[in-house]
Amino acid sequence: MNNRTETLIPKIGVITDVRIDTPDIKTFRVVTPDGVKPFIHRPGQCAMLSVPGVGEAMFSITSSPTNEEYMEFSIKKCGCVTDWLHQAEPGQQITIRGPYGKPFPVDDEFASKNLLFIAGGVGLAPLRSVINYCRHYRDRYGRIDIVYGSRSKDDLLDYREIIEEWSKDENVHVHLTIDREQEGWDGHVGFVPNYVKELGFDTDKTVILCGPPIMIKFTLDGLYALGFDKTQIYTTLEMRMKCGIGKCGRCNVGSRYICKDGPVFRFDELDELPDEY
Amino acid sequence: MRKCSLESIDRVFAAINADASLYLPVDGDDGKAVYTKWEDGVKWSGALNTVRSPKSFFFPQMEDLVQFRTEGKTIEVIDPRKESEDFVVFGVRACDAKSFEVLDRVFLVDPVDSYYASRREHGVIVTVACTRPVETCFCKTFGIDPAEPAGDVSVWKTDSELFWQSNTEKGEKLLEKLADLTEECTDEAVAAQKEKINSVMSRLPLADLKADAFGAGKTMKFFDAPEWDELSESCIACGTCTYVCPTCQCYDIKDFNTGNGVIRFRCWDSCMYSEFTKMSAGQPRLTQKERFRQRFMHKLVYYPEKNGGLFSCVGCGRCLSRCPISMNIVKVMKTIGGKADE
Numbered sequence: 001m002n003n004r005t006e007t008l009i010p011k012i013g014v015i016t017d018v019r020i021d022t023p024d025i026k027t028f029r030v031v032t033p034d035g036v037k038p039f040i041h042r043p044g045q046c047a048m049l050s051v052p053g054v055g056e057a058m059f060s061i062t063s064s065p066t067n068e069e070y071m072e073f074s075i076k077k078c079g080c081v082t083d084w085l086h087q088a089e090p091g092q093q094i095t096i097r098g099p100y101g102k103p104f105p106v107d108d109e110f111a112s113k114n115l116l117f118i119a120g121g122v123g124l125a126p127l128r129s130v131i132n133y134c135r136h137y138r139d140r141y142g143r144i145d146i147v148y149g150s151r152s153k154d155d156l157l158d159y160r161e162i163i164e165e166w167s168k169d170e171n172v173h174v175h176l177t178i179d180r181e182q183e184g185w186d187g188h189v190g191f192v193p194n195y196v197k198e199l200g201f202d203t204d205k206t207v208i209l210c211g212p213p214i215m216i217k218f219t220l221d222g223l224y225a226l227g228f229d230k231t232q233i234y235t236t237l238e239m240r241m242k243c244g245i246g247k248c249g250r251c252n253v254g255s256r257y258i259c260k261d262g263p264v265f266r267f268d269e270l271d272e273l274p275d276e277y
Numbered sequence: 001m002r003k004c005s006l007e008s009i010d011r012v013f014a015a016i017n018a019d020a021s022l023y024l025p026v027d028g029d030d031g032k033a034v035y036t037k038w039e040d041g042v043k044w045s046g047a048l049n050t051v052r053s054p055k056s057f058f059f060p061q062m063e064d065l066v067q068f069r070t071e072g073k074t075i076e077v078i079d080p081r082k083e084s085e086d087f088v089v090f091g092v093r094a095c096d097a098k099s100f101e102v103l104d105r106v107f108l109v110d111p112v113d114s115y116y117a118s119r120r121e122h123g124v125i126v127t128v129a130c131t132r133p134v135e136t137c138f139c140k141t142f143g144i145d146p147a148e149p150a151g152d153v154s155v156w157k158t159d160s161e162l163f164w165q166s167n168t169e170k171g172e173k174l175l176e177k178l179a180d181l182t183e184e185c186t187d188e189a190v191a192a193q194k195e196k197i198n199s200v201m202s203r204l205p206l207a208d209l210k211a212d213a214f215g216a217g218k219t220m221k222f223f224d225a226p227e228w229d230e231l232s233e234s235c236i237a238c239g240t241c242t243y244v245c246p247t248c249q250c251y252d253i254k255d256f257n258t259g260n261g262v263i264r265f266r267c268w269d270s271c272m273y274s275e276f277t278k279m280s281a282g283q284p285r286l287t288q289k290e291r292f293r294q295r296f297m298h299k300l301v302y303y304p305e306k307n308g309g310l311f312s313c314v315g316c317g318r319c320l321s322r323c324p325i326s327m328n329i330v331k332v333m334k335t336i337g338g339k340a341d342e
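First to last, the sequence lines map onto chains A and B. Mapping of the first sequence onto our numbering: residues 1 to 277, in sequence order. Mapping of the second sequence onto our numbering: residues 1 to 342, in sequence order.
Don't read these hints as lab results, they were simulated from the structure. Predicted model, so just to flag it, every value in this text is computed and none were measured. Check before you lean on any hint, since a few could be wrong.
[Said to hold, decoys possible] Here are some chain A residues the structure puts well away from chain B; computed CB gaps all over 10 Å: (1) G35; (2) E109; (3) S152; (4) H188; (5) R250; (6) D268.
[Unchecked claim] SDA-like cross-link-like pairs, simulated, lysine to any residue; straight-line CA separation at most 20 Å: (7) K73(B) with Q92(A); (8) K218(B) with R291(B); (9) K170(B) with M1(B); (10) K260(A) with L108(B).
C-beta atoms are modelled at their ideal positions from N, C-alpha and C, and glycine is treated no differently.
Input sequences plus hints: build the corresponding full structure.
Written out as structure tokens, the structure reads:
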């Protein structure tokens, strides 16, 4: 079958840099053996990474499409493939295929809107791609607010980029919080849902929300209390996936395949699906 | 339409087999029909109700996707696929033929699964109108006519003759090859045979089963039905229903370390298994009830919703006769669907 392209057959990716972000999250920079970006993607799309003999898993692409040199993945150590990746060193080859899934509507629904990003823990990984895309095309969007929280200061992903780049941008407002008081932290302390309520945002915003299920649940309650509507709030879902192309059946919820019809959904779209994600 | 005598069938099979591997149902020692590769001396079982469906000719239970050779930090990716060879599957029932339409709408939609597509291109399906529908049959529930099977070629069998009709270009080519062994004929005998089949079907116990209660837009109506508890209670999650099902298409992808490299293969999987949706981060279907519900909701609601109302069940009845606890889609339809009428 020489003349066929097959999406289940991956390309080779080379890890060129490993950044330690938190005690359990590392960010991996990946290029092809020729040193270029593996493929073009849109903000919110994912890729299948694999370690032959260990397994393959789906990860959100955390770098922005506007980065033309390489791709980045922020990966939490929590299973076979991620354990293996966490001990990988620069120069290590892995396999990569994608891009998969429906991206965030950055050029349609998001255009000219005020954007409110809300993330918890490693939930910032898929949003970083969107945030940096919107920062790159800054004049296409209104005010940008970013609420980001984690267990502790040490668990904040992309902390350096947030402080040195995002916080310094004009009309980008970063609101960081950690769960408990910590020495050397003079910022906000408290859970993300409460912080969102305290900040009391106007409803003239489109919300992009990602984090642990419990955080999403309480943040949604808070947003509704502030007067936000489901049609203004987007999220990205996580399910077990094997093929990434809507065929293996694993991520099927209702009539949707999360890998292909998602992972990005608006909350009113989720109302039509059974609560199995 | 063309015909041949039943006595000449082995010569016909030899002619088909001359340039494409031929597979057909053959009775095993236990009297159950199993698809077998034809060779001289292999006798076609008149039976069409094979233990396994013919889906494995196109979507094998296990197949290699890709191979890797690793050395130090480097990886070599090897495409293990060879050009598919032509083959013919003879003796496919109308219900099983319909299952390919269900599978096509999964594997042939963008992005196309080229492993499946290649076999579909190289495979010729010869259906045979049902001769012996049994009490577990309910294809008519899903609008399938057992007397009018689809496929590249449709065949009707009477006591002494076989009648052949081509439906596609591939089918036309096959019949051309059999021109010397068959003769042009009218379809009178076939019409009589069709009537006979339908008369048998209408007397079967599931003849009146209806699927009208199900289909697109019924998720919320059935998802929280309390009956799922009782229906799923005795399910032992063996997955037999999935493996004998002609339309179940879920699969797993796994790596096998050969000692000399890695083979990444796919194999059939079942939504009835607890591992199916288990992630490091959690498990969206915690109990067997949720996994059981997924299988039936997918066949009766989710799949039709995505595919213009087409059900992902063809009424072949295999799961009715194979389930070790006698639970099946008919019981689910009667219990859940019956409730909707109230």
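For each hint, the structure was consulted:
no.: 1; hint: G35; verdict: 15 Å, holds
no.: 2; hint: E109; verdict: 24 Å, holds
no.: 3; hint: S152; verdict: 20 Å, holds
no.: 4; hint: H188; verdict: 26 Å, holds
no.: 5; hint: R250; verdict: 6 Å, violated
no.: 6; hint: D268; verdict: 14 Å, holds
no.: 7; hint: K73(B) with Q92(A); verdict: 5 Å, holds
no.: 8; hint: K218(B) with R291(B); verdict: 18 Å, holds
no.: 9; hint: K170(B) with M1(B); verdict: 16 Å, holds
no.: 10; hint: K260(A) with L108(B); verdict: 15 Å, holds
Hint violations for this structure: number 5 only, all remaining hints satisfied.
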